[in-house]
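**Student:** As a plain string of letters, each chain reads:
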Amino acid sequence: MNAALQDLIGAVRRSAPDLVDEWEATALIESFGWTDERICHTFGLSDTRAMGRHVFEQLVDRGAAPIEAVGEDTAAWRWPTVAGAYSRTLVFALPWLVMFGIEAVWPDAFETQPEMAGPISVAVMLSLISTGGYVQAVARKGSFYLGMNQLVLARHVGLLLCRGGLITTGLLATGGLLAGQYFDIFGSTAARLIATFYFVMLSGLWLACAMVSLVSPRWRVPVIYLGAGAVFLLVRAYLGASTLEAHTLALITAVALSLVLTVEAFHGSQHRDTRTERVILPRTPVLLDSVLPHFIYGVAYFTFLFADRLSAGSALPATSGLPFGIAPDYKRGIDLAFLVFLIVAGAVECCNLVTMRAWRSEAQHAVVGAGAFGHSLSRRRTISLWVVVAMFSACAVTAGAVASRVSFLSPAANATFMAGCLGYGLFAIGLLDALLLLSVNRPVAVLSALLPALMVNLIGGYVFSHIAGAQFAVAGLVCGAAVFVVLARRGVTGALRRPDFAYAWA
Amino acid sequence: MGMRALIWDIGRLLWVTSLLMLIVWAPAALSTRNRRPPVTTVLEHFVVTAMLAVIAVSLLGPAKLLNPFTLLVAYSCWPLGKWLVRHRGTIGPDARTAVQAIVLKGANRLERAPRGNNFASSVRSYVRVRRAELFAIADSITTPVGVLMAAAVLVAIGPTCADVLVNTRLPNSHAYGELLTTQQLFAGELGWGVPRVVAALTAAISVVSSIAPVHLMRLLVPIAGVAAFVSLITTVRVMTGAIVPAIIAAICAAVLWPATAQLPASEISAVFVLLSLLFVFRTVRGGRDSRWLAITASLLVALLTPALLVVVGSAAALMLLAPAGALIGAGAAWLVLSWITPNAAPLGWALTAAGLTHLVVSHLQFTRPPLRTALAAAVAILGLAVVMPRAASASYVEYDAAARATLDIATRFPKYRWTIAAPVEQWALSYGRGWHINLHEFVEELSAHVNDDGYRLPYKVDELFVFVETRPFTTFDAEPADVPFRTLVDPVYRHYRSPAGRASLQFAAYELCERLRQQTPGATVYFDDGRLKIYRFTLR
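Which chain is which? The protein sequence lines are A and B, in order.
Each residue of the first sequence is one higher than the one before, counting from 1 in my numbering.
Each residue of the second sequence is one higher than the one before, counting from 1001 in my numbering.
Think of the hints as simulated: they come from the structure by calculation, not from any bench.
A portion of the hints provided could be inaccurate.
Stated by the list, open to error - Derived SDA-like pairs: lysine to any residue, alpha-carbon spacing no greater than 20 Å straight-line:
1) B:Lys1460 / A:Thr319
2) B:Lys1415 / A:Thr243
3) A:Lys331 / A:Thr243
4) B:Lys1064 / B:Ser1210
5) B:Lys1064 / A:Thr243
6) B:Lys1082 / A:Thr243
Keep in mind the model is a prediction, meaning the values are calculated, not measured.
Pulled out of the complex, with its shape left as it was, chain B reads as follows (with noise of 0.2 Å):
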């Protein structure tokens, strides 16, 4: 089962890239006319989609009008918009016209049909010219500077990856907050408000990929790490000018990436922070197109994490007093906040090591940069970068296989017609799919009961699933010896959390299940590893 789900993850990791990458290289391609369109004008289109994406699920969410059909039309409605106003007067005459050329070009390609060898000849020659394109990709890809960049995204986002992959499971409880507010978005149960950009990219992304949310949630980690990544060697690039401080920047911030899966929200505001850079730079270069790219992408990292605008901002200020030490001011501030969004910390140490590169190379004059001992010392540091430990952040509040069991039940059994009694973790992973009850309310409303005689479940579902661990997670390596009576309180914290309140409610679920297995036909064990059991309670 663990090799299926791996290979299961790498599939859907690898479609939701193609995905990604075709959704928003496709626009780019189209209004270039060219197959492979500079890097910044699909990064352009990038911060627009990511917008429309956001703008659309934040307004058909609530209104429960979100599926791919509209989702479509709204993407739609930026083209289209363009179309009309291009042809606004005449816009009905044009429809026809469009519409006639399409079924009469359709209807003399099928008289022309080719037929047999014409066809395979047509193929062939197709897979020719594709091959020839993709080798001329490759080969502009693997130059020594390609191949470094490759390589330090590679060391920077491959352990996260593999995190991601190995586990099913989140990596803490806000990403199980910012999963159930997701899948709220999605069940159209969450109000009008402020748009929630990563719970609308997620939910958007998930409609179009039809892959669940909760494994989104983990693989849109390395996809926005590499995304973070080629946003950061483009800005610095662009910003410099030169590719020295690009690698350095790559270089450092791989070497300080963390190694284990965060939350998407902290990659994603990096990438938007970095675009808004780059197109800020370009504004005050003089680029009118470039002001409203600023504007969305700075708003969507207002939406995101408010606190980073402080980066945008210095580094506007900076551009128009010192351009040179833009990136200097960006990356301090940056690192300044890095207390308020502690996984900045990488990216604030690249761009203020690639501002003092800038300034360094600039001012020494070099009469050719020091391409070769830039890239010697990289490969030195990212050398030592596979070898050392990093910083693992991750703090996990359940066993793999309880996330890995919930969806396997969410996929075989029919929707809303099974609960799940289990921590509050398994609600997020069960939304939308079908019932839940915590833990503790199951135990505390059946202890009262279960020894009646002919004492029957009261759910009206056909299945009932029990989740006890046998031996308790421990969410803490050592339970803080101080904790405030407010948290004391509160039910999470007391059953979940604690260890000992932990133990404890597992202990009484136990006991609970093994007399319910007794008296109730139809019970059976669903899963048990020795750490984990789940109690299947077939009650119609």
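Excised from the complex, chain A in its bound form (with noise of 0.2 Å):
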């Protein structure tokens, strides 16, 4: 008991140095997620408030003696942090890379009847936007519930979010199906029970992705893309099989390895997890409203990345016979632009990660006004804005320059490049004022500007493709990037304002 009361005591002078009065005290033991009722098991005290007058009492005693903070900004922390957070994101762009290479070397290596590339082409980006929300929420909780040692309550939260996931897939695979026999989408009830089938399947993958990079060590999903990629290959280029039969296969692989990590990720988490003694988890309705903000954002983030290949799917020429499609050239022009932004967003969440570091630290030690400290906060975000910049420059020119030398790009595709790299550059930087948002806990004003933002890239995109022709879709994707810049930036500049306010808030 003894331990966890200094454990206790330890969090809270560490949260809060200069402890105001007991109440505070209290608040912030009821923040780490003590109840009355665990009070009362571990410590016999009556209540919160018994925790919180004895935790103030001890801590006045003790003097305010400066607590060396787990985690300082220390270069010792630093770097292997910002390469930690990079590599997250970097893992995303893995598969990406994987394919340009394999289609360099191997042209006809994901080549499938045009009457199913585009049902499942739908099928990948409209399961990346249904589970979007639940894989934020997911993040979020278990990051808060992990960060807290309690493995056993991220895990149960973490599967709770993960049912609604996977009956959300479930209904909106059923109505999909239906609504696609009554529309008479894709052309044949083949199409569309592969197009469900995939769409179930990745879902459940994406979900279980979710789950087991909350846990570290974090190669588990590098091992799932490189199993399934893996399968593969051998079905491919071994067996002969045909391109939608190693796909169907490597997918089936990549659900069954993601299902074993995630069992084992978390295996012996009760064993691990020596905080929580009783799982008691949040009401449905308060877990639901606490992740609606990162839930919406989720969706929108996701659907804001593929508005413009939507579009410009749907607005294939009918005497083609397609459904849908995405021309060749557009295809690959967008993919490359794309790869550019995954692997600069991973700059993007570093930069992040050091501002909101550098933030902390100043405003625990800091003795000026807020005015100069919102320009030295200010300062930085500048210095990140350009980092960004410079760094999506140079992967871009390098992408430019690699594709030209072997002939990736036809002109077509060429112009497709720069106007996607223009628009995810602008979203990357965008972005940079969004994560600063969330990490000072205003996801409201994040939706404020994403929003917008994508409703002008559904709409422009969606209208410039079916007036002007198929590539112009992109058109809506570097309008609504835009937009999302300048409200971001709004937002942003709201909370500098008042720096001190808004670092209470958070």
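Using the hints, put the two standalone chains together into the complex.
**Tutor:** This is the structure in structure tokens:
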């Protein structure tokens, strides 16, 4: 009990070195997840208020001695953490890199029947969009409980959200199949069934990856991708299977691997979790209300990324006989631009991490007024912006140079690549501000920027692609990203104008 | 195959009718918060919905943006616009509150999800309540007057409906033109211009109901006919304030209604003319809201058949000057116009008869309306109408089998992977699904080369279907003795309307296809009923 008490006192002291009164201590204790029942059971005190009074008295007795905070802004902390954050995002660029590499060496590797390519593309995009919200929610809540070393609670809440995701997937798949049959989408029942199968399997895969990526070490996600890729190559190259068959087997392998690794990741969680004595889950409406903004953010984020492809694919001329299909030139150009974005997205995460660390450090030690503090943070933000712009430009130029050397892009694809880089570049800049707003607990400000941008992207891309031609769908991406940059910047400017209030709010 | 096609058509008719009733009933029920809104409210929403559909399709179609989603957005603009105006200034917080409320309500509902017996008893009580509502509606309809009105509609529309269900082909060449316009609007290949009401409404209903425009072109005729009757009865009832003139109007229209299907345009324009009269009457009587409805309905009439605005104008003028004669004036104007729109006669006579009846009844000042007398007379007239022969004015331009076969090919084979060589009517039927070449052009092109050694058909599709009439279809009972030169040189008349020309073309096509069949591997006969033979050439 003593150890637990000391832990608690230490946690309160680290969070608030200058405690005002016992009420502040009580609020902090409750924010760590302690309830009256647990306090009574663990420490024998009547409630959290009694605990708060006890902790406050202990800290006042000990004096306001500075504490060595875990994770202080030291060089020893900085680089491994930054590298870890970058690698977590870069892992999503891995499949794209591998695909480009394979296509360069084996151009027919991914060739499939035109009637099937469209439905499968749509299934991939819709699975990411429909589960994006749940993935964000799992990441948010999982990190929250893991930060408190409550692995069991993280597992339970994560599984609860995943169950919600699977139910949603089931409903969407059934509804999609019925709507597809009614409106004769994709032209044949076989195509609709295959699209539904891919949608369900991929949704399960993304949800499982969300669970798996909570727990370190984080080698599990690359293992899933590499395993699936290996199966695909094996079946395609050595067994002579068609692309569709190889894809399907690889997908099944990926889902199976992800389930196994999810079980493995949380194996023994009860023993590793030293803080959770009894699993008491939050009420579902409360949980949903707390993750709703992040859920909407996740859905809107992935919809934004794929809106231009959905517009371009639906703008195929009717005389092609295909219900949905992205022209190869457009696909190559936009895929390459997307790869550049994925590589730079890690840098955006790292810049935000460094900025927030500096914010927290300066907030704890600085004695300047809010105005000077805000200027300091704005300077840091500007430096981050230039880092992102420089990195994006460098990656885009490099990718363009490599692509032109191997004649990967036709002139039309090149135009799409350049427009896509502009769009994704602007989006990356807006994402920098959005992550900062999320870090100071202002998800509504992020949604206020992202949702209008998404509408511009969807409507603009759809209208341009249908009136002017499929290749003009990227114009929607550029316009939407520009709107996102402007609105996100406005949100950050508002937050930095009162950094002390924003910090306290966070 | 005939029985299966009939069952499918009946299913389509029921589905389209249910969907239209839902689309029109739902906003009326929501706005009045009443599951059984008044008929006039439903008709108001019908006019607004029709106008929204025409505008939406006319804007979205040429921009190639027409699909269920954009149509839904367009349909939602009206209620969404009203919500935004009502909540202006607090849109963000109100929207957030609304979303939160829905999510939390859903989550609470999930937490209290009914299990097992609870669910079964909820379903049982729901079914019990709905059944009671249906019985109440049925009770309100099955009065003597209600039954008589239903019988009038049945007598009028029944033969038309049967004709539509029996024939897949369209009733005349104008209908194919209308169908082609609809298909082009659907495919986004029609430029921006004056909205085409019938094409736009057909395209909108086709998108929502997922039924091909060609079927809707036929099925809308009886549906629009029923709508015309409902509009007629409601308009006369509201304008006269009495049921007897409405009964007379319904019976008159039923007796004179044509026996076979016409263009849906004539019925649809009749609906909007009648509704214009209704809303103009309400405006004259001081209803400010009806002013916009009257303008909307009149605008639709102007887009459909501008000449019929004379009917609305005459009625409006008489409503101001001599209200009692408004119906007579409208009916007379419609009768005068019947030389422009031949199918206007039944409604013209109906309005005139209703107006005269109203004058007589109101002049004689009965203490009680002579309802029983009117009912008895109506039953007698309806009985006569059933046995009397009525005008059949459809003039078909192809065999029904040709239309069925084209639709069968369009459904079975992948889009744009096949070509049909057939008369010009098949172009409208196959538009948007596959390629078409006129039969006379096909014969002219290939006749020169078919005797070449190793000749292969030059088409870059998987399948080629050639329609040959082994017994040529005759569009006239007797060919006219005099035909203007301009008509004579028109390829459509020369090859497809003139019996001699059609026969020559079909004979040449038959010889060509028999020659091709011998020298083309994969050539089969796809269809043959002794009058129409369809050759199938599998090219790859």
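**Student:** For each hint, tell me whether it holds in the structure or not.
**Tutor:** Okay, the hints, checked on the actual structure:
no.	hint	verdict
1	B:Lys1460 / A:Thr319	holds, 13 Å
2	B:Lys1415 / A:Thr243	violated, 24 Å
3	A:Lys331 / A:Thr243	holds, 18 Å
4	B:Lys1064 / B:Ser1210	holds, 17 Å
5	B:Lys1064 / A:Thr243	violated, 33 Å
6	B:Lys1082 / A:Thr243	violated, 51 Å
Checked against the numbered hints given earlier, this structure breaks hints 2, 5 and 6; the rest are met.
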